[in-house]
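*Asks:* These protein sequence lines are chains A and B, in that order.
Taken in order, the first sequence gives residues 1 to 456; the numbers are from our numbering.
Taken in order, the second sequence gives residues 1 to 523; the numbers are from our numbering.
Read the hints as simulated data drawn from the structure, not as lab findings.
Warning: the hint list may mix true and false statements.
[Claimed, not checked] Examples of chain A residues toward chain B, derived with CB under 8 angstroms:
1) T28
2) Y111
3) E229
4) L305
5) Q378
6) I380
7) M451
[To be verified] Listed next, the stretches of chain B that the computed footprint assigns to chain A, with coverage defined by at least 3 CB atoms under 8 angstroms from CB atoms of chain A:
8) 200–210
9) 230–238
10) 259–268
Everything numeric in this text was worked out from a predicted model, so none of it was measured.
All C-beta atoms in this analysis are idealised placements derived from N, C-alpha and C, irrespective of residue type, glycine included.
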Amino acid sequence: MSAPYVHPYVPNTAPEARAAMLAAVGATSVDEFYADVPDALRLHRSLDLPPALVAEQDLVRHVTGLLDHNRPLAPGRSFLGAGTYHHHVPAVVDEVIGRSEFLTAYAGEPYEDHGRFQALFEYESLMAELLAMDVVTVPTYDSFQAASTALAMAGRITGRRAVLVASEVLPDRRSRVHDFVRPYLDLVDVPTRDAIADLPALVAALDESVAAVWVETPSHTGAIETRLEELAEAAHAVGAIVVVSTDPICCGVLTPPAEQGADIVCGDLQALGLHAYYGGAHGGFLAVHDDPRFVMELPSRIFGLAATDVPGEYGFGDVAYERTSFAVREEGKEWVGTAAALWGIAAGVYLALQGPQGMAELGATILARTRYAQQRLQAIPGVRLGDDAIHFREFAIELSGMSPASLVERLRPLGIAPGVPLGDHRLLVCVTEVNTADDIDALAAAVAETMLEDHR
Amino acid sequence: MSLPVAAKPALRRFHQARWDEPVIFELSAPGERGVIPSQVEPAVRDLVGDVVAGLPDALRRAAPPALPELGQMRVLKHYLRLSQENLGADLNVDVGQGTCTMKYSPKVNDRLAAHPSLLDLHPLQDPADAQGILEIIWRTQRMLAEISGMDEVGLHTQGGSAAIWTNIAMLRAYFEARGEAGQRTEVITTIFSHPSNAATAKAAGYDVITIYPDADGYPDIEAYKRALSPRTAAIMVTNPEDTGIYNPRIAEWVELAHSVGALASYDQANANGILGITRARDAGFDVCHFNLHKTFGTPHGSGGPGAGANGVAAHLVPFLPRPLVVRDDGGAYRLDDDRPLSIGKVAPFYGVVPNIVRAYAWIRALGAEGLRAVAETAVLNNNYLMARVLQIPGASAPYATGRRRIEQVRYSWQGLYTETGISSEELGVRASDYGMHYWTSHHPYVVPQPFTLEPTESYSMAELDEYAAVLAEVAREARETPDVVRTAPHNQTVHHTHHDDLDDPARWATSWRAYQRKYHCGA
């Protein structure tokens with residue numbers, strides 16, 4: 001007789017408990033509970049899955065064995081960006097989001113989950129200061145969804161169809177946005193000039209059919225929009241809404257888009273305290289001014305401050321819940337569901353640790369090292385900068401005599417990833433605070449050596 | 001008092017942590033630092049000068065953001081205190097969040113997901129350098145294909161609703177490819193399917209028709225037949241529904257959809273009770289989704305990230321989001337981005353990697369026999385808890401009276417409410433005083449005074465007894481000491497909270513900044 005099946009994750013597999021529970025409900029076997037599942041739909045065999053690794057040590061050895069096939073680059077030797085970034089993650093961030101109480105909670109009420117409500121209210125509030133806007137939602141999935149929703153909101157608010165795309169937007173983000181909004185919005189690209197918005201062309205394209213002007217700054221290639229204020233003024237003159245995609249990591253040093261006329265600001269949280277995680281740790285933020293025309297179009301939850309029966313005690317709750325699909329199904333704004341709350345808590349901890357000075361210094365470091373990398377690389381024969389814009393964290397270089405893909409391939413044995421190829425001639429290089437001057441020097445030396453070899 | 005210690009009372013004397021912690025801005029002490037970023041090196045400064053000073057004035061931030069200034073330990077302490085004021089599944093008998101499958105997320109999987117080779121791996125590194133994670137993604141796809149009966153699985157999305165959206169986006173693209181998009185403008189769902197089925201369909205441009213239950217609690221098949229037409233693009237349904245009732249005519253529903261040329265999308269958020277028992281494809285569904293954070297043991301993260309899986313039959317494979325992780329004949333794993341009919345990117349890269357690793361490890365720890373034990377035990381636990389709950393006067397389980405349920409039940413306190421005037425929400429708040437949580441229902445409240453319990457496989461018989469005892473005690477209080485219930489909570493971090501300000505644009509405080517501006521308090 002084989003031993004009864006008992007699994008550590010499933011306490012009531014213990015035969016004693018199982019028998020007692022069946023007896024308590026007057027059933028002879030668990031089969032009775034499936035009376036509504038027709039025989040024709042039953043799987044009359046075992047699932048064909050690999051053998052179970054019930055002993056924890058076997059599981060660890062197996063999974064670790066697989067993960068050991070990964071080969072991450074040494075710190076600072078990756079110049080890869082294009083949506084996921086290598087930034088330093090303070091230990092306190094991982095400590096907080098690793099807490100069972102946050103990690104395993106879900107959807108409790110503002111009482112038993114007071115801590116989650118406060119931590120997310122603080123996330124909203126810290127982001128609000130960074131972005132200089134009064135309303136930030138609980139995070140959505142990622143910057144793709146955030147931009148999709150921001151533009152959809154503009155469409156709903158204005159009742160118009162056209163979106164002028166003023167910047168070089170990350171192509172994958174544009175693809176997702178297009179598929180999301182296409183029933184009710186048309187994306188119209190206004191070609192950029194020197195990597196940022198072509199203001200005269202944009203102004204010429206603006207009319208009362210335009211729901212929104214969509215600006216991305218830093219752009220896909222890291223270019224900073226310098227004339228946002230004029231652009232916003234022109235957009236507002238025809239009743240269009242200004243939607244800005246940005247990365248909050250730059251806002252400690254650069255003017256926040258809201259102070260230059262942005263109506264909706266959106267983007268990704270990954271840079272604020274989340275590991276690269278092979279692109280698997282993204283959260284989206286959405287911010288608006290405290291204007292009910294905008295707030296009531298937001299699909300995500302917003303946790304707000306509330307008074308309790310006790311003086312001096314902070315309570316929390318949902319702001320304007322009736323706009324959500326939780327409350328009114330398809331009559332709500334888009335939908336709300338499980339998204340990225342834990343990453344929001346992480347971003348909040350990150351901003352609390354950095355403080356105003358940390359965010360300013362971090363921005364300054366990234367700006368300076370970006371400029372340093374640009375200068376070191378453009379000094380190499382056969383390399384020139386793709387444009388003359390001001391860049392934050394990312395920039396494109398143009399190569400002559402070598403394709404970017406082959407440069408990437410040639411540097412791989414050296415343990416350096418120089419960037420992401422953009423077509424046949426350009427390479428997108430990313431520099432964060434993780435890439436030190438030494439790392440950038442090593443990159444420049446490797447690129448120079450490789451380009452030279454090719455000319456020999 | 002001296003030994004021996006008296007026996008414990010029947011119910012635990014719970015009190016949630018109450019640190020009375022200020023909002024973090026109030027803790028600010030000017031000049032303190034939590035972390036210090038890497039600084040600009042002299043070599044860099046020598047070459048590029050002061051880049052910030054060189055910015056155009058309009059681009060340089062005029063005043064630093066008004067973030068708080070705190071030493072590192074104070075930040076840590078603040079957030080640890082907040083964490084103690086939160087009741088995660090690891091701490092409570094978390095059977096009260098029906099539809100959400102609050103099962104145990106094994107700690108070993110957290111460790112595996114934090115493997116150093118994952119944390120700094122960039123998604124655009126050469127796939128040859130990412131073979132470990134790509135193999136895990138591919139193997140997880142294959143295991144979920146077997147569990148659903150589908151031909152292929154994509155793991156791109158971050159939550160269940162995102163996966164439901166991806167399903168309707170694929171169906172929309174399918175009809176466009178066949179030239180039927182103009183004709184098919186409607187989606188049919190049921191009221192006891194998750195609201196995101198209705199909401200994502202609407203967001204994708206469809207008109208939504210919602211089917212209500214018949215007298216037995218099954219979705220009304222006659223109403224469904226009347227709703228079907230050549231305009232129907234899809235049905236998007238949950239089964240078992242959020243009542244825990246399995247629709248035995250589900251294959252017929254799918255056939256009826258197919259008979260008018262529509263497709264069938266299966267929301268498998270409620271799959272926990274049917275793992276290894278019955279499969280989506282075997283009932284004829286064209287697409288389905290799983291929530292890895294519900295059914296496959298990844299943590300819920302205070303509301304995400306979860307992870308979604310989209311299972312599709314062969315005719316929908318071309319429409320899956322790109323890229324898809326595939327295995328070459330030689331056994332190497334790579335990213336297939338050459339998918340012309342794909343709906344494109346639905347998320348930045350390849351899915352919520354830490355949670356895919358956790359789900360892979362969870363399935364591997366259980367295997368086929370374990371998954372079946374999970375399902376059977378979740379269902380046993382549910383029927384056991386139902387028997388306990390139905391012994392409480394004033395509680396009922398509307399629909400399918402006297403019948404078994406699958407993995408959850410949507411109960412009603414209508415009887416108790418009629419008797420005492422105390423609502424389900426109020427009872428739930430009082431239950432928190434005993435360290436328990438319960439959730440009512442999505443809206444609208446088709447079941448009056450609802451509460452939805454899903455015990456999953458993770459809780460012992462004694463824990464289920466304890467949960468039922470708390471409900472019984474709260475119901476007793478509603479009758480005998482109603483003010484105790486009405487003024488609850490008493491043993492929580494905070495007291496009864498006044499939510500009216502949250503619905504008034506002039507008064508709501510969406511952030512600390514907005515609060516300061518509207519109420520002129522604090523600094």
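*Asks:* All hints, please: hold or fail.
*Replies:* Outcome of the hint check:
{"no.": "1", "hint": "T28", "result": "violated, 12 angstroms"}
{"no.": "2", "hint": "Y111", "result": "holds, 5 angstroms"}
{"no.": "3", "hint": "E229", "result": "holds, 6 angstroms"}
{"no.": "4", "hint": "L305", "result": "holds, 4 angstroms"}
{"no.": "5", "hint": "Q378", "result": "violated, 12 angstroms"}
{"no.": "6", "hint": "I380", "result": "violated, 14 angstroms"}
{"no.": "7", "hint": "M451", "result": "violated, 20 angstroms"}
{"no.": "8", "hint": "200–210", "result": "holds (count 8)"}
{"no.": "9", "hint": "230–238", "result": "violated (count 0)"}
{"no.": "10", "hint": "259–268", "result": "violated (count 0)"}
The structure fails to meet hints 1, 5, 6, 7, 9, 10 from the earlier list, while all remaining hints are met.
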